[in-house]
Amino acid sequence: MTGSATPATPATPPGREARVPLLELRDLRVTFPVAGGVARAVDGLDLLVEAGETVGLVGESGCGKSVTALAILRLVGPDGHIAHGSSVRLEGRDLLALPGKEMRAVRGNHVALVFQEPLSALNPVLRIGAQIAEAVRAHESVTRATARWRAIEMLTMVGLPEAERRARQYPHQLSGGMRQRVMIAMALVCRPKLLIADEPTTALDVTIQAEILELLAELQRKLGMAVLLITHNLGLVAETTQRVAVMYGGQIVEEAATEALFARAAHPYTEGLLAAVPRLDEPRERLRVIPGQVPPATSWPAGCRFHPRCPYAWERCRTEAPPLLEAAPGHRARCWLVEEPARRTRADAPPGEKP
Amino acid sequence: MLGFLARRLALAALTVLAVVTITFALVHLAPGEPMLGNAERMRADSATIARQRARFGLDRPIATQFAFYLANLARGELGESFVRHRPVALVLGEALPNTLLLGAVALAASFLLGVAIGSVQAARRGTWVDGVLSIGSLACYSTPSFWLGLVLLLVFGQQLGWLPVAGMTDPAAPEHVGPLGRALDVLRHLLLPAATLALVNAGAIARFERGALVDALGAEFVRTARAKGLSPAAVLVKHAGRSALAPVLTLAGLSVPALLTGSVLVESVFGWPGMGRVTYEAIFARDYNVVTAAAMIAGILVALGSLLADLAVARADPRQRPDA
Amino acid sequence: AGGSDSPSAGTAGGTLVIVVPGDGDVLLPPVTTTATGALVSDRIFPRLAELTLALNTVDDAGYTPVLARRWEHLDATTLLFRLDPRARWQDGRPVTADDVVFTFEVYRDTLVNSPLRPNLEGIAAVTREDSLTVAFHFRRAYPEQLYDATYHLRVLPKHLLDSIPRGRLASSPFGRHPVGSGPFRFVRWRPNSDIVLAADSGYFLGRPRLDRLIWRITPDIATAVSMLITGEADAMEVIPQREEIERALRAPALRLVPYPSPFLAGILFNLRGPRGAGAHPVFGDRDTRRAVAMAVDRATIVSSVFGQYGEVPIGAASPMQWIAERGAGQLPYDPVRAARTLEERGWRDADGDGLRERGGVPLRFTLLVPTTSRPRQRAAVLAQAQLRTVGVDMRIQPVEFTLFERRSADGDFDALFFSRTLDPSPASLLQFWSSAGIGSNNAGGYGSPGFDSLVLAAIAAPSRAAASPLWRRALERLNDDAPAIFVYSPRNHAAMHRRFEHVTIRPDNWLATVAEWSVAAGLRLPRDRVGGDR
Amino acid sequence: MSPWRLAWRRLRVNRAAVAGGVLAGLIALATIAAPLLAPADPLAQPDPVGLQNLPPGAGHLLGTDGFSRDVLSRTLYGARVSLAVGLLAALLAVLVGGGVGFAAGLSRPAVDRLLMRGVDVALALPRVFLLLAVFALWEGVPLAAVILLIAGTGWFESSRLVRAHVRSLRDSDFVAAARALGAGRAGVARHLLPHVGATLIVCATLDIGNIILLEAGLSYLGLGVQPPTPTWGNMILEGKDLLFAAPWIALAPGLALLFTVVAFNLLGDGLRDALDPRRAR
Amino acid sequence: MTGPLLDVRELATHFTRRAGLFGTRTETVRAVNGVSFTIGRHDTLGLVGESGCGKTTLARTILRLVERTAGEVRFDGQDLFALGPAALRRMRRRMQIVFQDPYASLNPRMTIGRAVREGLEIHELARGDAADRRVVELLDEVGLGADAVTRYPHEFSGGQRQRAVVARALAVDPDFIACDEPVSALDVSVAAQVLNLLADLQARRGLSYLFVSHDLAVVRHVAPRVAVMYLGRFVEVGPAAEIYERPKHPYTQALLSAVPVPDPKTRRARIILAGDPPSPVHPPPGCPFQPRCHHPLKDATCTAVRPELRELAADHRVACHKAD
Ligand SMILES: Nc1ncnc2c1ncn2[C@@H]1O[C@H](COP(=O)(O)OP(=O)(O)OP(=O)(O)O)[C@@H](O)[C@H]1O
Ligand SMILES: Nc1ncnc2c1ncn2[C@@H]1O[C@H](COP(=O)(O)OP(=O)(O)OP(=O)(O)O)[C@@H](O)[C@H]1O
Ligand SMILES: [Mg+2]
Ligand SMILES: [Mg+2]
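Residue numbers (the working numbering), protein chains in the order written: chain A, 1 to 355; chain B, 1001 to 1324; chain C, 2001 to 2534; chain D, 3001 to 3281; chain E, 4001 to 4324.
Derived by calculation from the structure, the hints in this document are not laboratory data. Don't take each hint at face value.
Result set (EDC-like, lysine to aspartate or glutamate): computed pairs, CA atoms no more than 16 angstroms apart in a straight line [said to hold, decoys possible]:
1. C:Lys2158 / C:Asp2109
2. E:Lys4265 / A:Glu259
3. E:Lys4265 / A:Asp281
4. B:Lys1238 / B:Asp1215
5. A:Lys193 / A:Asp281
6. E:Lys4265 / A:Glu282
In silico contact screen, one side only, chain A against chain E (beta carbon under 7 angstroms); selected entries [stated by the list, open to error]:
7. Ser61
8. Leu96
9. Gln116
10. Leu119
11. Ala210
12. Ala238
13. Pro278
14. Asp281
15. Val289
16. Val338
Quantities reported herein were computed from a predicted structural model and do not represent experimental measurements. Here a beta-carbon is modelled for each residue, glycine too, at the ideal position from N, C-alpha and C.
With these hints in hand, go ahead and build the complete structure from the sequences.
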């Protein structure tokens, strides 16, 4: 889709250039009190999104992707708690320090969210037109009629046929694909600078998924917003993003320009993920697996969080937690292999099918 | 829609028939003599009683009596009250509107109150406000209505003297106060009994509303609403509240029996001229015709309550509508 | 009626709001069966003559004229009444002899089935002599002829009721919109809520001083007393519970007017065996009955239940009745003697469980108490504990009222807690306790030729002075034979707002003199100024 | 760890439920131990004139009633009947309702529809009117019959709940798996029973409170269990006459009633949260 | 022992369900609408299609967990729908199913051990200690430890549960397992583990699979033969290589083009379909795919005549008028 191969924006630290990044997460930590202790769902996450770019955030279930998305808009409450010292800056403004009212002015207005399950994310008892108009009226002092008109205009823009009639319908009267279009219309009606799409197509069929992705790309071109695309589907990331961050255990474990990442994964987790996916283009006899499973967020292992499942792990990994290390310019990985590349040999067997 | 109504009406008719049959059997098979006039002043000899029994057809076999009763019922005749010497339709017809007024006001009030309390609790869940209101609504729900009624009467009627303690109107008031004056008079008399019924019922509704709201607040669409930048109040009322409405409406419709029960007790405490009292007195006088008809009306009200609840739910929840 | 000649302000005016526990049924004296129905319709339909406050039923001197101006005994069995020519029905028609004749026929008609019909047995016929003269023909000569002719009958308008089939009288519309010839006119009746009467300014004996009488129906006693305290109501015939009386006493606007009670309650023993055959295993024996009676501490029960607002009756008479003179009395409370008697009769506690038995049969009986009566239930629970101390096992079975009545009529009980509102005339003792009453009102089956002859002699005695000692001996006879324990009579107190003046209360009909009650102009409340006659 | 143990764990940390459970337990204990705890014979009338209507004080912690009986002792003994009626009737109702609901849920559609139509009709019966009529018209209804009648008119709700629960589980994958393994109707029933058990426990606990209230209402109207046996309902009835003069007589059983109903409701709510299968994952 | 293991002919499963306000209308869902195929021994048929096209219903009907409306299913030559209850139960030993949602397919109130043991007991394959040992063996075979026997499903992750489900199915030593999206709910890394397990078991035990998935890549990985389903019918069946390399049906083509490939370097032209899949209640006339079809030659035949499966290449059959 976004065939224009703009050069991947490297994660340059702010201040080098005068330009302030659109979104900047520094040491984001989110905890949830749970029965067995405290779940550290997001645990020291750093992420940059520049204006207009598409960034992919991938990772398996439970690694903290959704919590990150919600934490940006301070929506993890009442259960979740964003730790002291975390910082979420939108164009330099610290969102975590904003009073409630100003925070509300950001939500849906500067930063909008699209969720995974459009049926449950839309209010079943309100007409879709009203749900969109409501977003307009929350941020702009316009009349009811104007808001309504804006909603219909937006519905037309996301390709909903007969928008005027559809606006009077309820979510359950639409198909899954149409509902997701409605969600997108609702998110974009205030022309946000950043759209966070949390698995926007996971609940949809591949053919519908293709439609929605096409639509998102087109709208991004038209409206020029940045997109943070959260997904566990590596294929999607490959096709739609310019930069990718891979999450594991509440942290970013690898971050790179998309092509660079798929060409040469630096982190063993990314490598494993790529090897485990059945491929349409190149069928293989046997899938490579990542042994074991993700540990619960209440008890991350010491050292590198991935080490119990890592085929290359050695002593250092068990005790010392690696920081994000620069493997190549703009390509960083949270793995000691970056420092000791020679150890990239498996004890038991040679690495599986190489990507 | 029509088919639905027809089915519900058929079910309601079945219910009413069951109620009539059960009640009829119950009162006629019970030991004891119907009072055939109030025995306060009557010491009737057996000949008199026999004459009275013949007059009301009580000397015939019960099956025959039931057949006659059903035949009369089919013609819309409910018979005559043994004690009041008046057509049952009149006796109950005069009392029913009063009970309906009391019940409807209590239902509406308990609904509003319950929803309001439940909403505050849900909005402040986990805080001391929630705790206090929780205990309060549970206590309301666990308080016998007769007890609550007496206490309200004592405090607001007698001690503070704010409201009249009994009756539905002030019969001594001048006649020329006009319709508004009369309505106000009724309203003043209505407040205490309605509050009694409403408080007990509101306790149940508040507990339910809180649960439904907390569930709704955990739903994803609420997150969507917050992500849009809506204020917490708008999220609570418009989004969570609207979707929690349907189950609470159902509960409200299903609380008709509880209100009827309450009305038996509350109407005697507050001297409200309603159906509960008439029925209660009729049961003790073995005024068969009144008891049977009253049970039938109660059955109709209960069936109507659940029907209205279903219709209200269909209004509140578009997923339940015919075009769905 | 209903002229515009309202009396000058200052004398007339006032609204009396009376709170009653139950609604009326029909506002027609011969067929009403409720206390409220009677109380209200009595204000609309006057009698030929009224008893004075003394309630002397024997002498003709104890009556004042109402619809009848005069009366005379033509002979020993004929009583002639001359009607007041001024008397008018509230629709303007005069009250005539035909109305009186019609009235008697209605009361006597089995189709009408008036509860008062049994009281008219002494009257053979009533005939019209001329338009304003009627003659009552009695079957026998006896002193209470005037009482029977006037007390039970309230004169009805023939021209309005003649066309209604007698059997349908109770359900006729007239019974809900009555037209009478009395001091008050019917205004409105809202079922279970209120009944309103207004002063009839055309009343031939003078317009009542009050404008309106309003009955408010409130079943709950506590609520009713609250209404008195808050001023929502002005009067109540009797506050039945001691605690409520005390509460009402604390309200400054209220006063309590004491009056003798027509009421008598006690434990009636069934002397007959099961299904009326033979003698009752416990109460068939006079000594055992006496022992049980002596084991019940009536004074303690009365003080516990009523405090100062009740008394132990002297016997089978209620305090209102003129035969209830001080000095007579029941068997004393003497548990020691009671125990000794029981011991003598073979009732011993052989197994040491504290309860007596004889030949393996425990000394046990069941007392029926109607669920509707709180004082009776309280008294029964107290008596139960007292009997237990002498080894008698009394079980209390509360039964619903109609069932109570039926089991009473059928003689299907060991003992029951009766209560009776007695007429002013003592003649009623005959139905309750004589052999003749067995099978109808004499539920316990007590029969004693000695008692019967004493009562018959008393009824025939020509004057109160002559009758009094005979009645007394009859009562003592009854007490000695102990067919019942007469447990209590309340000391009635009517609650009354203080602004009402000239309040006198006739115990048998507490509103009998209400036409004379008044409110001084300076004390009137807003509702007193509404005016009655519209 | 078994789901029951898990539920127990969840229950233990729910403060309201624990409070309710402890309170209900204490009340039940006090009921059983009434003869030991009660300072006096609940029926003894030491001096119905001199000692009547005594306010709470040293001799009588909760005062005396109009018969000079000790209110505390009567309240303790009164709990016996109230709780027995509540517990037994709730148990019975839930068993019958559970049985019918379970059967309906597993039956062919025709049978199911018939049963549920019957329940629909029964639910519309004006329960209190019927109970009133029975208790008023039949003299001296024995305690067992009171329990049977209350249970017999109170199982419809739980049968609906259980049936709905069974229906929803019947279509679940694990039941399909059992059928695929060759399990017959009995095998499927064995899978579902423990689930329904949880629903029933919650139903029963919440029912207890309602039934205690119902019994009190009937006793208050002078029906149900008869004096001198103390029950909370007839104690309130007796005390009601003295509400203004000696409020403690009605207050003690009234509060006992209130606390008991509150306790069982708290416990029931807690159990519902703890046993909720949605949380059992 | 000749002929295919599973032979499905013209199978149709329709559901009638109540619709409209409180279910006064009924409508028929043609979930499976005339499907024929065979599966040999030691063979796998992959089945792909959009959500709601009838894949699950087909799998369940084959096991007779859902009653068919028409058609026939022969398992090892026996007509499944002609079996009596006892024979059916015996037959169930040989056919098993693995469901999509590992959270719903285990009874939360039963230990894993009991779940696996259930099949052994029903078919009396082992009892007592022998059963215990067998359970441990089975759990071991799917890669779960012996300690799983006494543990409950909630103590396991999705992947582990899916293994337990497989162990339960293996307990009765079946010849055929219908796998209904067994890895759709699992994470990539875990899904790979389960897919490998299924492959190992097939190799070891000579199992046959019907492998349902909406993920074309997964199907390609496990199945030598693939069927594409649309609106209750097969639109294309054939060898995997054929279908993935030379898809004939426009729907298959669109489907394949839409699958994202995790390689930023490959850029393919995506076929974007118009509109949504029609509802199985009101299937369109003619070709079921016709309203969304992008085929340049689409014409009136397509909207009027429903195409039958035609064999276009060896064992490659397509239901399209225009395919060649
Ligand atoms: N409300 C909550 N209470 C407790 N723990 C939570 C809550 N929300 C999330 N978590 C925990 O936080 C961790 C991260 O969850 P999150 O939803 O962000 O994962 P995810 O990467 O989005 O996964 P998925 O792909 O399944 O959506 C998980 O371990 C989850 O259990
Ligand atoms: N028990 C049922 N009653 C009524 N309709 C049903 C039933 N089961 C399935 N359906 C309907 O049949 C159609 C096919 O459903 P099915 O579950 O077989 O599809 P599927 O291809 O497995 O979809 P998915 O990919 O979502 O699992 C759907 O429209 C569904 O709504
Ligand atoms: Mg997520
Ligand atoms: Mg499926």
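Going down the list of hints, with the structure as the test:
1. The hinted pair formed by Lys2158 (chain C) and Asp2109 (chain C) meets the criterion: a straight-line CA distance of about 14 angstroms does not exceed 16 angstroms.
2. Pair hint Lys4265 (chain E) plus Glu259 (chain A) holds up; C-alpha atoms about 7 angstroms apart against a cutoff of 16 angstroms.
3. Proximity of Lys4265 (chain E) to Asp281 (chain A) is assessed by CA-CA distance (about 12 angstroms); at most 16 angstroms being required, the pair is judged to hold.
4. A hinted pair counts as satisfied when its Cα atoms are at most 16 angstroms apart, and Lys1238 (chain B) with Asp1215 (chain B) qualifies at roughly 15 angstroms.
5. A distance of roughly 36 angstroms separates the Cα atoms of Lys193 (chain A) and Asp281 (chain A); the hinted pair therefore is violated under the 16 angstroms criterion.
6. Note on Lys4265 (chain E) and Glu282 (chain A): the hinted pairing holds, with a Cα-Cα distance of about 14 angstroms set against a maximum of 16 angstroms.
7. For Ser61 (chain A), the shortest C-beta to C-beta distance to chain E is roughly 5 angstroms, which falls under 7 angstroms, so the interface hint holds.
8. About 31 angstroms separates the beta-carbon of Leu96 (chain A) from the nearest beta-carbon of chain E, more than 7 angstroms, and the hint is not met.
9. About 14 angstroms separates the beta-carbon of Gln116 (chain A) from the nearest beta-carbon of chain E, more than 7 angstroms, and the hint is not met.
10. With 7 angstroms as the threshold, the beta carbon of Leu119 (chain A) stays out of range of chain E, its nearest partner Cβ sitting at about 12 angstroms, so the hint is violated.
11. Annotation: interface hint on Ala210 (chain A) holds; nearest CB of chain E at approximately 4 angstroms, less than 7 angstroms.
12. For Ala238 (chain A), the interface hint holds, the least distance from its beta-carbon to any beta-carbon of chain E being 5 angstroms, beneath 7 angstroms.
13. Restraint check, Pro278 (chain A) versus chain E: the minimum CB separation of about 4 angstroms is within 7 angstroms; hint holds.
14. The beta carbon of Asp281 (chain A) is positioned within 7 angstroms of a beta carbon in chain E (closest approach about 5 angstroms), and the interface hint is therefore held.
15. The beta carbon of Val289 (chain A) comes within 4 angstroms of a beta carbon in chain E, closer than 7 angstroms, and the hint placing it at the interface holds.
16. Given the 7 angstroms rule on beta carbons, the hint for Val338 (chain A) is violated: about 22 angstroms separates it from the nearest Cβ of chain E.
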